[in-house]
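Visitor: Each chain, letter by letter, is given below.
There are 2 protein chains.
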Amino acid sequence: MNHIDYHDFLKRYRLPEPVFVTQPNMPSLEDYQKSIGEIWENKWLTNNGYFHRKLEQRIAEYLDVKHICLFCNGTIALLVALHALRINSGEVITTPFTFPATPHVLYWNGIRPVFCDIDKNTFNLDPNKIEKLISPDTKAILPVHVYGNPCDVEKIQEIADRHGLHVIYDAAHAFGVRYKNRPLCQYGDISMLSFHATKLFSTGEGGALVVKSKAQKERINFLKNFGIASQEMIIGPGINGKMNEFQAAFGLLQLDTIDKEISRRAALTHTYKNMLSDVKGITLFSDKPDVQPNYAYLPILIDPKLYGMTRDDLYLILEKCNIMTRKYFYPLCSTYSCYASLPSSHPESLSVAHEIANNILCLPLYSSLEMETVQLICNIIKDLKISK
Amino acid sequence: MNHIDYHDFLKRYRLPEPVFVTQPNMPSLEDYQKSIGEIWENKWLTNNGYFHRKLEQRIAEYLDVKHICLFCNGTIALLVALHALRINSGEVITTPFTFPATPHVLYWNGIRPVFCDIDKNTFNLDPNKIEKLISPDTKAILPVHVYGNPCDVEKIQEIADRHGLHVIYDAAHAFGVRYKNRPLCQYGDISMLSFHATKLFSTGEGGALVVKSKAQKERINFLKNFGIASQEMIIGPGINGKMNEFQAAFGLLQLDTIDKEISRRAALTHTYKNMLSDVKGITLFSDKPDVQPNYAYLPILIDPKLYGMTRDDLYLILEKCNIMTRKYFYPLCSTYSCYASLPSSHPESLSVAHEIANNILCLPLYSSLEMETVQLICNIIKDLKISK
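Chains as they are written, first to last, in our numbering: chain A, 1 to 388; chain B, 1 to 388.
It is worth saying that the hints were derived from the structure and are not from the lab. This one's a predicted model, so the numbers in the text were calculated from it and none came from an experiment. Just so you know, even glycine gets a beta-carbon here, dropped at the ideal spot from N, CA and C. Some hints could be false.
The calculated label-pair distances, taken between Cβ atoms and stated as ranges, are [said to hold, decoys possible]:
#1 Glu158/B - Asp312/A: 34 to 42 angstroms
#2 Gly90/A - Gln375/B: 54 to 62 angstroms
#3 Lys214/A - Pro304/B: 54 to 62 angstroms
#4 Ala266/B - Lys260/A: 51 to 59 angstroms
#5 Asn379/B - Gly90/A: 54 to 62 angstroms
#6 Glu41/B - Lys260/A: 20 to 28 angstroms
#7 Asp256/B - Asp383/A: 48 to 56 angstroms
#8 Pro304/B - Ile235/A: 58 to 66 angstroms
#9 Asp256/B - Met371/A: 41 to 49 angstroms
#10 Pro16/A - Asp161/B: 57 to 65 angstroms
#11 Thr271/B - Asp64/A: 49 to 57 angstroms
#12 Ile235/A - Asp161/B: 34 to 42 angstroms
#13 Glu370/B - Gly90/A: 44 to 52 angstroms
#14 Arg182/A - Lys11/B: 29 to 37 angstroms
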């Protein structure tokens, strides 16, 4: 900001009210109040209630998958997924460029995370770097479809098959994404979806596992309800992962508007892309062949040399303009004190991940965001470049 | 049922509609719909929202405690409590006469449960049997206030202090109970409360930890939100234990009626007690000095020799009469396949627990239960005795 008139800049661009990086897509209040009335009639608040059963069926249909298990949140879902596959010791290979929940569920299952560097184009696990991290203690690969961009699912499966490893996908961002005309969440052994308030599709808090068989679904249903297989039979150390009826009823209504939500986000994304495409030092994801995206996030990668300003400075200036962006994901999980001493956390072997984490910024994206606000954000980013 | 006319008996007693062992106390639908409207205005669904903050404060006031942390459910609360105290290895002494969640959270924290027998009067941990189970690997005692009846908190604390052990109470049943004019959940290092739909006070799913200091509350608040201490600082392997706004808003309204709920349950309990007190072979809890109870459950203990019928037979006959009771807690946790091979699970050292588990039955109790239904249930139990 040395070369521009800071005061004048803020006067031109500062919004009167803060714009957040995301905002939940709220269904019609009247419709939800009607659903609440039905919950009152049922007097059934949780434990596989009416709305829970209906939502499970509707999401399976929407995603074009056979078996899905709803959860109170995505973290507990992923926790149970690993336990269901009896992965509760040894090592699991995962990415450091993710939300803390990913490595944390490994901790809770007694597993040592092994961080693998990411690909500089997809920001996902670099399949070429996985194999050298496999040890006799490796049990599984836990890749993340970051921002909903598909991992290299074929190469990862090939590696897993060659070494006899499970693949569990953290598909928290990937609701509704299709790859090669198949639901992305059908790849691997199990995929976890998150329905947190900040997600494309939301139940307030919430999550799900997409599983491969009826037997696996039944086992996971037991495990998310304390392992209770019947009134007098407990099959193992389950946990409470149940989604309640308030969440499920909310989700059912949200699902009615999800296609509208996605197409509105697509339109906003296109504006971002058009307006920022010629800004030197700012890179946006390009459309990928075979991928039907969900427009969940709007990450930009800043090259401080070419753009003339660091990500952190841009973040601060946007904040001063009342535009709340997010350094998503920064810091890398491998730098948390609880993981920093792991051999795989050495920054040298995670150089791409460090570079991306230091230069990434997610811009506001949600359906009720005004097109004019997107244009304003783009103009700020362009203007800052020109002023340098 | 050999000596009575079964057909005639069912004709006399069978209810047209099933009566469940419990039913949630639903606040006014209109009031809740109004709260939902406020959530819509806030567009804030989780992560320490308006209703969350308000409920935390109101529950603390109601319970007469200083620090409370809300959770998505009681199991995740207990999981985090142990982690917060850094109990994640070795052994913890607990009771086998409890819900599966109690030992399961030990599993999830990497701890081996050591089951201790219970007292035949309180159904809680027998303090005289704890000390001989303490080994160099023991980290804590995890007693349960079963049915809301206080454990022998003084003796347990004495033992813990003598051996340098933590005491974490599973107070899932004990919402609002006072002992010696102090909140029961203030004893020990941390107490866990459950707000599941089947509990006296409910948020659909839900739970809380009552903690001792502001610092502990802050640490637990981090841990239930992935260990996120600030945007760029993760303090450890937390988890997602957050209560959402739908739950919190429900709880706030329930809290308004909790005293009415308790006094109605007290009245129903007194009828049960009066009508069943002279039935040989049926024992009900007697009122205890220094205890202000919460009337959460109505357990009866059946002496098959004196009563002339086993608990399992009584359960089946009541079921045929459309009265759903619950063998709560049967089977003992020490008999689950995942714990049965532990040295402490040997039935010989858990003889009281086995006897109670085989002969206990919880009868229907909730505020909307008709007094006539209670009388009918008591009459069935009396008649079955006379018919023998």
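Visitor: Is the hinted range of 58 to 66 angstroms satisfied by the C-beta distance from proline 304/B to isoleucine 235/A?
Guide: violated, 29 angstroms
Visitor: Against the range 20 to 28 angstroms, how does the distance between the Cβ atoms of glutamate 41/B and lysine 260/A compare: consistent or not?
Guide: holds, 22 angstroms
Visitor: Just to be sure I understand the hint, the distance between the Cβ atoms of aspartate 256/B and aspartate 383/A should be within 48 to 56 angstroms; is that true here?
Guide: Between aspartate 256/B and aspartate 383/A, where Cβ atoms are some 54 angstroms apart, the hint holds.
Visitor: Could you check the hint for me, namely that glutamate 158/B and aspartate 312/A are 34 to 42 angstroms apart, CB to CB?
Guide: Once the Cβ atoms are compared, 55 angstroms apart, the range 34 to 42 angstroms for aspartate 312/A and glutamate 158/B is violated.
Visitor: So does isoleucine 235/A sit 34 to 42 angstroms from aspartate 161/B, Cβ to Cβ?
Guide: holds, 38 angstroms
Visitor: I want to verify a distance hint. Is the separation of the beta carbons of arginine 182/A and lysine 11/B within 29 to 37 angstroms?
Guide: Once the Cβ atoms are compared, 60 angstroms apart, the range 29 to 37 angstroms for lysine 11/B and arginine 182/A is violated.
Visitor: Quick one: are glutamate 370/B and glycine 90/A within 44 to 52 angstroms, going by C-beta?
Guide: violated, 57 angstroms
Visitor: With respect to the beta-carbon atoms only, verify the hint that alanine 266/B and lysine 260/A lie 51 to 59 angstroms apart.
Guide: holds, 52 angstroms
Visitor: That 49 to 57 angstroms hint for threonine 271/B and aspartate 64/A (C-beta), does it hold up?
Guide: Given about 55 angstroms between the Cβ atoms, the range holds.
Visitor: Starting from the range 41 to 49 angstroms, see whether the pair aspartate 256/B and methionine 371/A falls in it by beta-carbon distance.
Guide: With Cβ atoms ~44 angstroms apart, the hint holds.
Visitor: Within 57 to 65 angstroms: is that where the Cβ-Cβ distance between proline 16/A and aspartate 161/B falls?
Guide: The hint (57 to 65 angstroms, Cβ to Cβ) holds, given that proline 16/A and aspartate 161/B are roughly 59 angstroms apart.
Visitor: Do the Cβ positions of lysine 214/A and proline 304/B conform to the proposed distance bound of 54 to 62 angstroms?
Guide: With Cβ atoms ~41 angstroms apart, the hint is violated.
When each numbered hint is compared with the structure, violations occur for hints 1, 3, 8, 13, 14.
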